[in-house]
Amino acid sequence: MLPYSIKTRRTRLDPFSPPTPRQVSPVHRTAIMVSLAPFVLRRPWLTKMLMPAATWYANAAGYRKLGLRFDDLLEEEREAVQIAIKRLSDQESYDRIYRLRRATQCSYQHKLLPKEDWTKPDEDTPYLRTIIAQVEAELAEKDALDSMTVIKKH
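If you count the sequence shown from 1, position 118 lands on 118 in full-length UniProt numbering, and the numbers rise without skipping.
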């Protein structure tokens with residue numbers, strides 16, 4: 001017996017499928033993972049203990065040294081992310097493309113940006129995740145309406 005189920009519909013037993021909206025409330029769900037942030041932020045002692053580690057991890061990830069923001073790293077293959085990117089304003093879309101191209105160029109050259117061009121922690125704010133949440137809600141509503149059956153009563 002396999003440790004996961006093979007069905008056309010993804011179930012929670014499948015370790016490769018993300019949790020469905022029914023399994024995780026929208027508050028705790030992000031674009032690519034389940035977030036523990038609400039749980040941690042409700043407990044001040046836990047926040048005080050984990051914030052230094054979270055800050056260290058965000059800096060150690062290295063994307064800020066390339067001038068990127070966290071939302072630039074979201075996988076674009078997902079339908080919800082593609083729709084959300086199309087909904088960005090022209091300026092935000094241009095800035096995103098510029099950051100990605102600059103980071104790609106730095107990666108090719110095996111160099112980092114000068115320190116003054118690094119993304120600062122206060123600049124690393126979500127700009128795409130809110131739109132993705134709206135798109136996912138719209139897609140879930142569309143799926144629910146598409147699977148609706150009409151029963152005629154005579």
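In short, the hints are calculated from the structure, not lab data.
Please note that the accuracy of each hint is not assured.
Stated by the list, open to error - Once the Cα atoms are required to be at most 20 Å apart in a straight line, the calculated PhoX-like pairs of lysine-lysine come out as: (1) 65 - 142; (2) 115 - 65; (3) 142 - 86; (4) 65 - 111.
Quick rundown of the hints versus the structure:
| no. | hint | result |
| --- | --- | --- |
| 1 | 65 - 142 | violated (40 Å) |
| 2 | 115 - 65 | holds (7 Å) |
| 3 | 142 - 86 | holds (19 Å) |
| 4 | 65 - 111 | holds (10 Å) |
Against the hints set out earlier in the document, a violation occurs for number 1 only.
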